[in-house]
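S.K.: For reference, the chains in residue letters:
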Amino acid sequence: MSLTDQTIVDARECAARYPDSRSALLPLLHLVQSAEGTVTSDGIALCADVLGLTTAEVAGVATFYTMYKRHKVGRYHVGVCTNTLCAVLGGDAIWDALSERLGVGHDEVTADGTISLERIECQAACTHAPVMTANWEFLDDMDVPRALEVVEKLRAGEPVMSTRGPRIGTFQEIERSLAGFDDGLANEGGKDVRMLAGLDYAKQHGMSAPAGPAHSPLSVAKTEG
Amino acid sequence: MPLTPILTAHWDDEDSHTLTGYRRHGGYDMVAVTLNSNPDDVINLVKESGLRGRGGAGFPTGMKWSFVPQNDGKPHYLVVNADESEPGACKDIPLMMANPHALIEGCILASYAIRANHAFIYIRGEVPHVIRRVAAAAREAYSAGLLGKNIQGSGFDLDLVVHAGAGAYICGEETALLDSLEGRRGQPRLKPPFPAVAGLYASPTVINNVETIANIPTIVRNGADWFKQFGTEKSPGFKLFAVSGHVERPGIYEAPLGTTMRELLDYAGGVRKGHELKFWIPGGSSVPMLMPEHLDTPLTYEDMGALGTMLGTGTPMVFDETTSVVRAISRWIHFYKHESCGKCTPCREGTFWLDQILERFENGTAAETDIEKVDEICKQIAGRSFCALGDAASTPYAPALRYFREEFLAGTHTPANQLFDPVASTVFTGAMA
Ligand SMILES: Cc1cc2nc3c(=O)[nH]c(=O)nc-3n(C[C@H](O)[C@H](O)[C@H](O)COP(=O)(O)O)c2cc1C
Ligand code: SF4
Ligand code: FES
Numbered sequence: 001m002s003l004t005d006q007t008i009v010d011a012r013e014c015a016a017r018y019p020d021s022r023s024a025l026l027p028l029l030h031l032v033q034s035a036e037g038t039v040t041s042d043g044i045a046l047c048a049d050v051l052g053l054t055t056a057e058v059a060g061v062a063t064f065y066t067m068y069k070r071h072k073v074g075r076y077h078v079g080v081c082t083n084t085l086c087a088v089l090g091g092d093a094i095w096d097a098l099s100e101r102l103g104v105g106h107d108e109v110t111a112d113g114t115i116s117l118e119r120i121e122c123q124a125a126c127t128h129a130p131v132m133t134a135n136w137e138f139l140d141d142m143d144v145p146r147a148l149e150v151v152e153k154l155r156a157g158e159p160v161m162s163t164r165g166p167r168i169g170t171f172q173e174i175e176r177s178l179a180g181f182d183d184g185l186a187n188e189g190g191k192d193v194r195m196l197a198g199l200d201y202a203k204q205h206g207m208s209a210p211a212g213p214a215h216s217p218l219s220v221a222k223t224e225g
Numbered sequence: 001m002p003l004t005p006i007l008t009a010h011w012d013d014e015d016s017h018t019l020t021g022y023r024r025h026g027g028y029d030m031v032a033v034t035l036n037s038n039p040d041d042v043i044n045l046v047k048e049s050g051l052r053g054r055g056g057a058g059f060p061t062g063m064k065w066s067f068v069p070q071n072d073g074k075p076h077y078l079v080v081n082a083d084e085s086e087p088g089a090c091k092d093i094p095l096m097m098a099n100p101h102a103l104i105e106g107c108i109l110a111s112y113a114i115r116a117n118h119a120f121i122y123i124r125g126e127v128p129h130v131i132r133r134v135a136a137a138a139r140e141a142y143s144a145g146l147l148g149k150n151i152q153g154s155g156f157d158l159d160l161v162v163h164a165g166a167g168a169y170i171c172g173e174e175t176a177l178l179d180s181l182e183g184r185r186g187q188p189r190l191k192p193p194f195p196a197v198a199g200l201y202a203s204p205t206v207i208n209n210v211e212t213i214a215n216i217p218t219i220v221r222n223g224a225d226w227f228k229q230f231g232t233e234k235s236p237g238f239k240l241f242a243v244s245g246h247v248e249r250p251g252i253y254e255a256p257l258g259t260t261m262r263e264l265l266d267y268a269g270g271v272r273k274g275h276e277l278k279f280w281i282p283g284g285s286s287v288p289m290l291m292p293e294h295l296d297t298p299l300t301y302e303d304m305g306a307l308g309t310m311l312g313t314g315t316p317m318v319f320d321e322t323t324s325v326v327r328a329i330s331r332w333i334h335f336y337k338h339e340s341c342g343k344c345t346p347c348r349e350g351t352f353w354l355d356q357i358l359e360r361f362e363n364g365t366a367a368e369t370d371i372e373k374v375d376e377i378c379k380q381i382a383g384r385s386f387c388a389l390g391d392a393a394s395t396p397y398a399p400a401l402r403y404f405r406e407e408f409l410a411g412t413h414t415p416a417n418q419l420f421d422p423v424a425s426t427v428f429t430g431a432m433a
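Protein chains in written order, with our numbering: chain W, 1 to 225; chain S, 1 to 433.
Bound conformation, chain W alone (with noise of 0.2 Å):
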């Protein structure tokens, strides 16, 4: 996929969603990651071109912001979270044992293509430490074993799934989610034991917060008033 006449439509439709279109900069340079994997030349001219902006002024916002790409990335970009409390609890460990088996290291891809890795910061997540991602969908409480074999099958094209989303997709397919064209994929997933973690305990020890008044005091004051 490329630029084509749909990403300029495309970006139209994303800077109409704004008072004032200069606001729509962030979701185009998405668009453009989705259409050309990175943030090229022609991406920064269309976007430049859509919203009327001088392609240094682009060029200045892309620079600034992390997720935008000026070199390409592998069709699974692999992030693994090494602040402090997931370092802690293994990212560290996992992010060597990544880096030595695909022998690629931060913002490097595979000859192949297929897997870029990120050193990336707190995701928050931490509940789930030590916590990865593969195209920015989670994957939550991973270990050594588990990070080398998600990895293993990202690289041979077979279907990893999100610990708390849907089956992962490519850069580029998640870069178009980013830029806020739906796939259809929300009803995935999403919960966990560590989400509901405070839940069940409430439910076990039958706690419960006190109920509310019958009615809002709101309404109360429109019928006395």
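Bear in mind the hints are in silico, worked out from the structure with no lab data behind them.
Some hints here could point you the wrong way.
[Stated by the list, open to error] No farther apart than 25 Å at their CA atoms in a straight line, the calculated lysine-lysine pairs in the DSS-like style are these:
hint, chain 1, residue 1, chain 2, residue 2
1, W, K69, S, K343
2, S, K47, S, K228
3, W, K203, S, K273
4, W, K72, W, K203
5, S, K373, S, K191
6, S, K234, S, K47
7, W, K203, S, K228
8, S, K273, S, K228
9, W, K69, S, K234
Computed from a prediction, not measured in an experiment: that's the story for all the values here.
With chain W's structure known, arrange chain S with the ligands on it following the hints.
M.R.: For chain S with the ligands alone, kept in the frame of chain W given last:
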């Protein structure tokens, strides 16, 4: 204090994230009630409840809303901060995954109160499944006539845009978030003017955290007195506590503010078997660490403040005796260096120097004078930086040094991974042995 599942009450329903699932338990019932009231009454109710922002700073929400000028002829905006990227914070992402409609109902009520016809939910980009869920929920709400023009015949219009970021912790800082949402580099703005006066597109804007806004429907439904029965006078209500680290059952525990860490640890099954607590952090890496002797202090804004730390995001991280404090601090400092937006010199240069010196401690090659040097650099950054990220970067070191000076001294001759076997602190120690 017992657990009080309120926001989390129905997360175990298979369809809790759908309109049907949310409506089954009275979801969106408060829309008609609110749209039939005076917006000022909604603001007053939230003020009376004492709700404080759940994004970290704990600013009173009703007061923030009342700063928005009225009848100024400008459009008003509500912006939900769903950037959740503070190391240790992991409560907004699960909330949006399990119950995105609570957030959307909150957006409707809050927008009506501040007279906004446009709301934005700015979600960090690295969570596609959460973005899908919130976007799908918004589409459902539009189809049901809960968003869009003339909501439920009230004459109130609200458009809601779900917006994905692109990887930058600084975009959680509210003015950087606004610049990012305007399609610029996410760098903080000078305050004043405050966003309530000149925010998005230079118009009055309220920025609130996900959990803050998700609280609004329950407050409207149950009233201020009900809300204030939880927590303390200065910290009313309940909180999604996300407990992570070396505990038996890490996860989300919803409990009244004022619950203690000892109680949360108990719910979470305690520190993992065969180990003991070394230190813990109440609310994200940007707040000072605490020790075992602080386990009985109520988790409130005021009590954490009295201990010299902060409640922050209310997402405690727990570390046991296998953890190297030097390694932990060094990694957080590395994070701040990576995320410094580069706008101001103390933070840009300071975090760069800190990172290098902390790495020396970790490698066992620091000089003894480095101990004071780090302290000095932190003091140069704190209070002299353009935004709170600089302050955050200068926070973790001093308390760590106070409690664990000998580990930093050891960093002048012995690498951290010789003092603390990294394998011992992993969750899969058994599996690797
Ligand atoms: C570096 C930095 C990162 C922040 N990240 C977040 C965040 O991810 N989510 C959030 O709600 N607040 C974050 N904040 C706080 C926001 O600036 C703001 O205070 C908050 O969104 C206000 O919402 P509240 O009043 O409902 O808490 C951050 C602040 C700083 C300085
Ligand atoms: S303190 Fe750091 S993040 Fe904040 S403006 Fe300065 S350089 Fe940017
Ligand atoms: S530290 Fe890895 S997800 Fe938070």
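S.K.: Does each hint hold? Answer for all of them.
M.R.: Now for the hints, and whether the structure bears them out:
Between K69 of chain W and K343 of chain S the alpha-carbon distance is near 22 Å, which keeps this suggested pair within the 25 Å criterion. Taking the CA atoms of K47 of chain S and K228 of chain S, the gap is about 11 Å. The hint holds against a cut of 25 Å. A hinted pair counts as satisfied when its Cα atoms are at most 25 Å apart, and K203 of chain W with K273 of chain S qualifies at roughly 24 Å. A distance of roughly 49 Å separates the Cα atoms of K72 of chain W and K203 of chain W; the hinted pair therefore is violated under the 25 Å criterion.
Between K373 of chain S and K191 of chain S the alpha-carbon distance is near 31 Å, which puts this suggested pair outside the 25 Å criterion. Taken as a hint, the K234 of chain S and K47 of chain S pair is honoured in the structure, with Cα atoms around 12 Å apart against an allowance of 25 Å. Our distance criterion of 25 Å between C-alpha atoms is met by K203 of chain W and K228 of chain S, whose separation comes to about 23 Å. Distance restraint check for K273 of chain S and K228 of chain S: the Cα-Cα separation of roughly 37 Å exceeds the 25 Å cut-off, and the hinted pair is therefore not satisfied.
Restraint check: the Cα-Cα separation between K69 of chain W and K234 of chain S comes to about 46 Å, which exceeds 25 Å; the hinted pair is violated.
Checked against the numbered hints given earlier, this structure breaks hints 4, 5, 8 and 9; the rest are met.
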